[in-house]
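Visitor: Residue numbers (numbering that gives the first Met the number 0): 0 to 166.
Worth flagging that the hints you see were computed from the coordinates, not collected in a lab.
Any given hint could be a false lead.
[Claimed, not checked] Subject to a maximum C-alpha distance of 20 Å in a straight line, what follows is the list of computed SDA-like cross-link-like pairs (lysine to any residue): (1) Lys112 to Thr83; (2) Lys86 to Glu121; (3) Lys36 to Lys127; (4) Lys109 to Ser81; (5) Lys127 to Asn106; (6) Lys34 to Asn134.
[What the hints assert, rightly or not] Cβ-Cβ distance ranges computed for the label pairs, FRET-style: (7) Glu91 to Thr13: 57 to 63 Å; (8) Ser63 to Val19: 41 to 47 Å; (9) His65 to Trp129: 35 to 41 Å.
In this text the structure is predicted, and so the values were computed from the model without any measurement.
Virtual Cβ for every residue (Gly too), placed ideally from N, Cα, C.
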Amino acid sequence: MEKKGFSLIELMVTIVIMGVLAAVAVPKLFGFIDKSKASEISVAAGTYMKLQETYAFEHGNGGSWHNIGYRSPAGNSLGIASSTNFKYDATEAYYNWLAESTVSLNNCPKGSKWFLNYSLSEGAHNVKFWTSSDNIVGCIDELTPSFKRLSNTTTPITTPTKSSGKE
Numbered sequence: 000m001e002k003k004g005f006s007l008i009e010l011m012v013t014i015v016i017m018g019v020l021a022a023v024a025v026p027k028l029f030g031f032i033d034k035s036k037a038s039e040i041s042v043a044a045g046t047y048m049k050l051q052e053t054y055a056f057e058h059g060n061g062g063s064w065h066n067i068g069y070r071s072p073a074g075n076s077l078g079i080a081s082s083t084n085f086k087y088d089a090t091e092a093y094y095n096w097l098a099e100s101t102v103s104l105n106n107c108p109k110g111s112k113w114f115l116n117y118s119l120s121e122g123a124h125n126v127k128f129w130t131s132s133d134n135i136v137g138c139i140d141e142l143t144p145s146f147k148r149l150s151n152t153t154t155p156i157t158t159p160t161k162s163s164g165k166e
């Protein structure tokens, strides 16, 4: 009579291998989850930048969140509001755009801040944006590298030329 099935040793080896894989994969998985949670930062800041550029072109100066038509992922254009992972401050007391983490994400502790400022030159025909954080290595470098690339961006805004009518 032939026995069918696995021996105890084979089962134990399989369980050990699965345990090692889980020990390696789970922390990596949590890192990816935290990065996905932080991904809203770069998108929100990029949206703010585009709206601010448009407003500066049309009005010759910068505008508040409300005036440029910006709403944070938390839905606010005035005051302070929170999304699942971040608090957005539209008061512009210190920075033109500010997001603060409401949870710890990877090496980025709860309460870490992402800042965005801008300056206008040449009668609002050049808008320069720069970004920063109170934890550049743990937050920007690890979680939101695309936010860092928004920094030192100069966007020339030119007046559209009228067509001469000749084609």
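Visitor: Are there hints from earlier that the structure breaks, and if so, what are their numbers?
Guide: 2, 3, 5, 8 and 9
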